[in-house]
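Keeping their order, the protein sequence lines are chains A and B.
Quick note, the first sequence lines up with residues -11 to 376 if you use the numbering used here.
Quick note, the second sequence lines up with residues 127 to 227 if you use the numbering used here.
Among the hints, erroneous ones may be present.
Listed below are the simulated BS3-like cross-link pairs for lysine-lysine, each with C-alpha atoms no more than 27 Å apart in a straight line [as the list claims (entries may be wrong)]: (1) A:Lys333 - B:Lys191; (2) A:Lys313 - B:Lys169; (3) A:Lys57 - A:Lys333.
Covered stretches of chain A (in silico footprint by chain B; criterion: 3 or more residues with CB under 8 Å from a CB of chain B, positions within the stretch not fixed) [what the hints assert, rightly or not]: (4) 84 to 93; (5) 131 to 137; (6) 179 to 189; (7) 249 to 257; (8) 302 to 311.
Derived from the structure by calculation, the hints contain no laboratory data.
Since we're looking at a predicted model, the values are computed, not measured.
The beta carbon of each residue, even a glycine, is placed where N, CA and C say it ideally should be.
As a plain string of letters, each chain reads:
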Amino acid sequence: MNHKSHIAVMAALVTAFASVGVARAVTDEEFNALKLKVLDLESKAGVSEEATAKNNFVMAGGVDVNYQKTQGENGGFLLGSFNPIFLLRSGDKVLFEGALEFNVQNQDNGASSVETVVEFAQVSYLVNDWLTLTAGKIVLPLGSFIETTDPAWINKLPTFPLPRADQTAILPESDIGVQAHGGISLGGGSYINYGAFVVNGPGHTSSTDTNGVTTETLSFDSVENQNNSLGFGGKLGCFTPLAESSSFEIGVSGESGKWDSQGQNNWSVLVCDARLHVTPAAEIRGEYIHSSEDTATGTLTPKGWWIQGAYQLSGLDTDVALLNKLELVARYAQVDLDQGDGAIKQTALGVDYHITGTLALKGDYEINSADNPDAAKNTVNLQIAYGF
Amino acid sequence: MKRCSIRATKWRISEALVVALVIVLGAVTAVLAKDDGAAPAKKAPTGAQLYAMNCGRCHMERYAKERTDAQWQTIITHMRVHANLPGADARKIIEYLQASN
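For reference, chain A alone in the conformation it holds in the complex:
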């Protein structure tokens, strides 16, 4: 649509508005006549619904603001994150998805800084109904938590389960590479989902001590391939509706790759995930994660699991508006990083107040238990999460 066409449509709109009169209510007949006139002009100008539908740009995403008070420490507000997601679809076959995360944080000297992370940036080609090819910084299909529940407005608690939380994560969320994946319908809404990927794989950070000895430590933050080996992995899962309003899904996934600069030390992870919707209001889900990490001194086996139950009080079918917006959530998680500190255990009890479908107030109390006293402090979290 060129500049002249823009002007023509605008002029027609002004004329049309003038003809029906802006000072009085527009009748349905007048509105429909106006709509037809605009569609006719758009058609003449080369703009059609079909053309609009073929290529489309959408900005989605979310933002969350948190208040956190840890036992024995000062409480304070945090801008959890601002996560715009840019979606650009070209026809029915091609989709680009780019997700950024902006975090405001303090540096060691007290000055503030903004951390920007590319959570994922992937282009997908939908080959057919059951095969999609994706390349870029892809979301790894390890479990189902990150692929489907990562946004704060979707996650039912203000924090991630321990095996996936920043400080205690034992598996990566995304990596650069390619993936073949999709869903194979079994009829009746049931389907098998699968994915097979090749990525740069886990990497490492290096540090040199005062004696000049360099030590490499496994890191999931590296984006380049740091050795002569790539990482491989995949997922196989199944979703099935059980009755009118209940469903079950289960999956097994894993990844393996070398993480040190010499390409000699292996890292691998196995994830089992399951989710049961007993009713639309009641959900139980969880994951079991077991990893293995070769080091110069032996093999470490960081592992963890979590289970979460949630119930929307709207399931009680009462007429009390407040109750219909509340959701109760309980989660138990534990993780053992296999670094001699034993397992960290956490019980989180939370309440969500869903102001709208995409705006929620969430709060939880997290009871932590660990050998390390710093990890054993209980925490109160409050969060406002908005999805757009």
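Following the hints, position chain B against chain A.
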């Protein structure tokens, strides 16, 4: 050593609990499936049903009026890629949202 042994035992208990949980979930699944006579598996669900079961299992309801038809096609394609929805099911969801828009 004794402490390591205790931890190992605790982990074995934890792993046993996870296995038990999977068995319980499986049993509940079987019961629910039996109660329903597995009838839904043979019926082709409507777009509205697919929308409820696939979208509603992760997040609260999004309303059809929130987006234009073209935007819904983009967003459900995004969901299809992330949740590995079968193409035919995704198209039915798009048609449902566009028809409700």
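What are the numbers of the hints that this structure violates, sorted from low to high? 1, 2, 4, 7 and 8
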